[in-house]
Each structure stands twice: as structure tokens, then as C-alpha cells.
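S.K.: Protein chains in written order, with UniProt numbering: chain F, 1 to 220; chain V, 1 to 240; chain B, 1 to 220.
Just so you know, nobody snuck in bad clues.
For the chain B half of the interface with chain V, some residues (derived, Cβ under 7 Å), not all of them:
no., residue
1, Pro121
2, Arg124
3, Ala125
4, Ser128
5, Leu129
6, Gly130
7, Met131
8, Ser132
9, Gln135
The list that follows gives simulated cross-link-like pairs (lysine-lysine, DSS-like), each with its CA atoms no further than 25 Å apart:
no., chain 1, residue 1, chain 2, residue 2
10, V, Lys26, V, Lys78
11, V, Lys78, B, Lys120
12, V, Lys119, V, Lys108
13, V, Lys234, V, Lys18
14, V, Lys129, V, Lys108
15, V, Lys26, V, Lys74
16, V, Lys78, V, Lys114
17, B, Lys216, F, Lys51
18, V, Lys55, V, Lys211
19, V, Lys55, V, Lys74
20, F, Lys146, F, Lys204
21, F, Lys49, B, Lys216
22, B, Lys120, V, Lys106
23, B, Lys120, V, Lys74
24, V, Lys68, B, Lys120
25, V, Lys68, V, Lys78
26, V, Lys106, V, Lys119
27, B, Lys216, F, Lys146
Think of the hints as simulated: they come from the structure by calculation, not from any bench. We treat Cβ as the ideally placed atom computed from N, Cα and C, and that holds for glycine.
Here's the letter readout for the chains.
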Amino acid sequence: MFDYNFHWRPVLKSLPDLLEAGLLTLQVAALSMIIGIVIGLALALIRLKLKGPLYWLATGWVELARNTPALFQLFFFGFGLGAFGVHLSPFLIVLAGLSFNCAGYLAENFRGGFQAVPDTQLRAARSLGMTSWQAYTRIIIPQVFKIVYHPVTNQMVWAVLMSSLGMLVGFRELSGETQFFASRTFRIFEYFAVTAIIYYVIVKIILVASRLLAMRLFRY
Amino acid sequence: MIEISGLEKYFGALQVLKGIDLNVQKGEVLSVIGASGSGKSTLLYCINGLEPIQKGSVVVDGTDVHAKGTDINKLRQKLGMVFQQWNSFPHLTALENVALAPRIVKGKSKAEAKEIAEKQLKHVGLEDKLNVFPNALSGGQQQRLAIARALAMEPTYMLFDEATSALDPELVGEVLDTMRLLAEEGMTMICVTHEMGFARDVSDRVAFFHKGVMEEIGPPAQIFGQAESENTRKFLANVR
Amino acid sequence: MNQTISFFSGFNVNDFWFLGEAALRTLWISALSVTIGTVLGGFFGWMLYEGRLWATLTLAPVLDIFRSVPLIIQLVLFYNFAPIVGLDLDPFGSGTVILTIYTAALVANVARGGIEAVGKPMRRAARSLGMSYWQDMRYVVLPIGGRAVFPAWVGVALGVMKDSALVSVLGYVELLKASQILITRTQEPFLILSIAGAFYFALSFPISRYAAQLEKRWAQ
Chain F
1 MFDYNFHWRP VLKSLPDLLE AGLLTLQVAA LSMIIGIVIG LALALIRLKL
51 KGPLYWLATG WVELARNTPA LFQLFFFGFG LGAFGVHLSP FLIVLAGLSF
101 NCAGYLAENF RGGFQAVPDT QLRAARSLGM TSWQAYTRII IPQVFKIVYH
151 PVTNQMVWAV LMSSLGMLVG FRELSGETQF FASRTFRIFE YFAVTAIIYY
201 VIVKIILVAS RLLAMRLFRY
Chain V
1 MIEISGLEKY FGALQVLKGI DLNVQKGEVL SVIGASGSGK STLLYCINGL
51 EPIQKGSVVV DGTDVHAKGT DINKLRQKLG MVFQQWNSFP HLTALENVAL
101 APRIVKGKSK AEAKEIAEKQ LKHVGLEDKL NVFPNALSGG QQQRLAIARA
151 LAMEPTYMLF DEATSALDPE LVGEVLDTMR LLAEEGMTMI CVTHEMGFAR
201 DVSDRVAFFH KGVMEEIGPP AQIFGQAESE NTRKFLANVR
Chain B
1 MNQTISFFSG FNVNDFWFLG EAALRTLWIS ALSVTIGTVL GGFFGWMLYE
51 GRLWATLTLA PVLDIFRSVP LIIQLVLFYN FAPIVGLDLD PFGSGTVILT
101 IYTAALVANV ARGGIEAVGK PMRRAARSLG MSYWQDMRYV VLPIGGRAVF
151 PAWVGVALGV MKDSALVSVL GYVELLKASQ ILITRTQEPF LILSIAGAFY
201 FALSFPISRY AAQLEKRWAQ
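Chain F with its partners taken away, still in its complex shape (with noise of 0.2 Å):
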């Protein structure tokens, strides 16, 4: 059954280029967080309390981003735009992608983080004499931000996980790296069980790092 020869060897010989891969995918996912956190914030903030066009807009994005496969969603960033003129390079395409993505899930969660919060929080520290900006900085917002730690934090997972679309579009990001390797060297099975190793790694440290910030943050 086994009459397959395992080659380790170019793997290992190209693991800092992997490794280096590796932090590439890191940056693009934590790059997308941070656009798709502020995007999806304005996004919730839209949805919660106006109406008319920018309503809609916000939904639609929302809608879209969640219904549709994120792989069609980097390839309307390359090939849609494509028919208008404006070509990105594989990276733009990857970062625009994910934070379109990033951004109309996020606004879910920030949306229900905010309806989470009752009422009477905003009333009673506005009965204190706080400003609408003080009750919503002080006393609003720090709860909101403890109700979507931890879907922020599984999004960021998702971020990283979905980043390896990048070999699709011809990001040599962790997976588009592997593929690279793997397309010139044919040891494809070994190149992709290495890279799926540092994947399982990266995103064990994400939890474990987001976990020990988390006791930190929150002793309440």
C-alpha cells in the first residue's frame, strides 16, 4: 500500500520561505480585522440607527458578504473590477476581499453586541448626568466590546483561514507559497501536510493569545 516515497527533504529546505509565508498570512488576516472592525462598527451603527439609502447600502453589504462564498468574493475584487479597468494586484484583491467579508460579518456581531446591552444601562448613567458620548464611551461601549470579544476573535481565525484563498488568486501568501513550492518540486502532499501544520499552529496561538488577553481585560 505504502509504495509512495515520502521527501522531506526540499520541504524543510524551503521552510523559512514557508515560515515567512506564514507571517505574511498573519499580516494580510490582521490587516483585514482592522479594516473590517471599523467598517463593520459603521456598518452596525448605520443599521441601528438610520434609515433610507444608507440603510440599505449597509445591508446589502451585509447581506452579500454573508451570503455569498468568499472565494466569489475575491474574484469579483479581481476579475469584476477587471471589466471596469481597475486591476489590484493579488494582495489588494486578497486584502479587499477579506475585509469586505470581515467587515459584513463583524457588523452582525457588533449589531447584536449593541442590542444585547439593555436600555436601562444608558438611561441610568444618563439619570447620573453623563453626556451621551460619556455614557456610550464609558459605560455602552466596554460592554459591547465583552459580548464580541470572542465572535471577534473566532473571526480572526476565519481571517486566516480564508487568507489561503490567496493561492487562487495568485498571492503567495502561506498557501500560495506551498502551492509555488509544491508545483515545482511535484512533492505536493508533503508541502501542503507542512503547511497545514503551520496553520493548526497559527491559529492555536491566536486562540491562546486571545485567551490570556482575555483574563487580562476582563477580571469582572
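Starting from the known structure of chain F, fit chains V and B onto it as the hints suggest.
M.R.: Same frame as chain F, but now just chains V and B:
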């Protein structure tokens, strides 16, 4: 007859029952009182085998509940149980709640099970709620539903685990009335309760539990009138 | 470049059928994987809930791997691993196996949550009526727990449907792969992507809305 002898029960290292000896005759109504954590609820769970025991035995009509090879599901049909949290099945109507166990456990036909359910719901005064889902019933009604559900298995004994403790005060009465009705009909009952009025008026005997020990047992007049144990007197002085 | 004229030039009726067929393949591989994966995942979830030591020590970490490594890596890895152990699997077969296990890994958590949602008191009430372990499972835990996690399960099923787009990496011509092929030939990226996106959206949006409504109604 329920015969409990030398019953010991641990949760981990914590001993919650420290050698209980107790017999309950057919037709008797026994109330079990005591502070929370005294082991009185655990006793009920041990009687119908929902909790394993570490020492002693519980024998129901000659069958050892905790012996290997005892068909516990069959034995439990004799032991109806009503819980503090009524635990109505939320996905079933009142009628279906009561009819389910007779159908699947006793193998009754749908029509028979329905007939039993209608009879028992009438018994507890819910004949106009047959097709209502539990979330549309009050706590008191849900608890009466739970009683009907247990009665539908035609049990010989009924075990009540603080059946009124989770109810709003104004709903306690209707559940106690239903329990009183059962007592008058001659049902054998063990009632773990905080309702001292019920314990005094309805029971044949009252048992006082204190820290896993049965301190005292006797007719209500004795327990509420001239209790021998200091702990019993203290407890009763505090709840009144 | 004149976009308004170029819109329908290369795209004809046959291409539309080509996309339709590919959409059916997307549906087929998703339905198959979700069905088998749900049964398998329900079983895994039950094992995790029962918490036998070996299940916690072996099953849980294995399922965790499938949630911590990008699906695209899993697909490539398995597709190249199968022949090594003498399995002769086409892209469809490999894709179905991985999507099924992936579904099962996600459903296992959902299923365990469902059993936990029923609560011990409710189950004791069922047992006190003389129901056996399996009768309790069938008549009490399944309907109550199933209802509690149905919306989460819908989320998993729709996620797998969208992620099935990744099987294209093995050369299986599902909807997105077909779109890519047509884009290369007709140079009509915007139109073709819109059709593909509309298909995913039309499937995912109403179902997720319906599940959200059910969740709201059942929460009362």
C-alpha cells in the same frame, strides 16, 4: 411498600445521606421537611434510581432499586415523580405531554394514550387546556400538568420534590389542592416540602431531615407539637 | 473599452446552461456532504457529550484539526494523499469526503450544544416516567435540543454550500469554476460573476432569513 435501610449517598467526598432507615406503607402520606442541603431531595432521587447510592438499599414492592439486573425503567412506572422545576416538554401540547410516556413506555395505542391523558388532565383540572402548549400555561398549571403526566403511568407511589417551591405565591394553592386531592384518594405519597401547613394537615407522618440524617419521624401532631429533637424545634421555630 | 456593448457579446444561451449544470453540481456535492456530515457530526457530538475519556482525548483534537486548517489545504492534501494509500478518488469523491468530514466537525459542536441545551432536570423528568435512555434521546432530547440548535445547523449547512466552491481547486467544475472558465473564454467577468453570485445569494439569503425568524419565534 417502600423499604429504605442503611442508605448512604455521597456526591464525591461529600456525604449527603448518612444511613437512612425508613419504611413507607401503601396509602400513607409522608412529608419530608428540613433545611435545604439536608439531603431530603436526594432521598427521592435515590428512591427511583435517578441517583446511584453507595451503601444500603431501597426496596420497592420487593424489588431492589439499585440491584444489578433490575429493570429500572419498569420500576419507575410505579414511582411517579414531580419536580421543583416542572419540566414540561415544550415541544408537545398538554395532551401530548401526558400521552407520550403511556404510548412509548407502556406501549398503549394512540387512542388509549389519548383517553388516559384526557382523564388525568381532567383529574388535575386542566380539561380545557388539552391542546395548549406549555409556554401558554402558568407555572401552577404547568406543575399540575406535570402531576397529570406522572399519574398517567398509573403509579403506585408519587414522589413530590418541592413541587411548589419554584411557584409564585399566588399559584401555590392550586398545586397543593391537587396534591391534597390525591392524598384523599388514597395515593401513597412522599412529599419533600417547605409548606408546613400542608405537612401538618395532610400527612400521616412527618420526617425531619438534618445534615443527611433523619432526626425525627412521627405523626404531625408530635413533630409540630412536642418534637423530641432540639434541631427539629429550632428548624420549626425559624420557618414559622 | 466600451462596456455597454461588450456586455452580451461573448455570452450565449449555451453558456447559461453550462452555468446551470455547474450550479446543480454545487447543489449536489453540498447536499450530499451536508446530509452525511450531519449524521456523522450528530454521532460525534453525542460521543463528545457523553464525554468518555477516549472521546475527549482522541475525537475532540481530531475534529479540531478540521476546524483549524483551511478547507482548501485539506482538499489538496487529501486529494494527493488518497492515491498514496491506494484510494482511487476523482475530484468529486475527494471533495465529498473532505466536505463531509468538515461538516461533521462543525456539526459535532452544534450537536453537543443541542444536547447540553436540554438540561439535566428535563432529562430526569423523562427518565422518571420510565423512559429508557434511548427513548429520552428520541422523544425529548432530539426535538428540544434539535430546535435549540436548528438555526446554528442552518448556518453550518449554508457555510458548507458556499465553501463547496473550493472543490474547484481539484478541478471539479462547480459553479465558480464554471464561471472562471467562461470568464476566460468570453471576457465577460462582471456579467458571469453576477449570475453566479445571484445564485448563491438566492439560495442562502432566504434560508438564513427563515432560520433567523424561527430562532426569534422559538425564543419566546
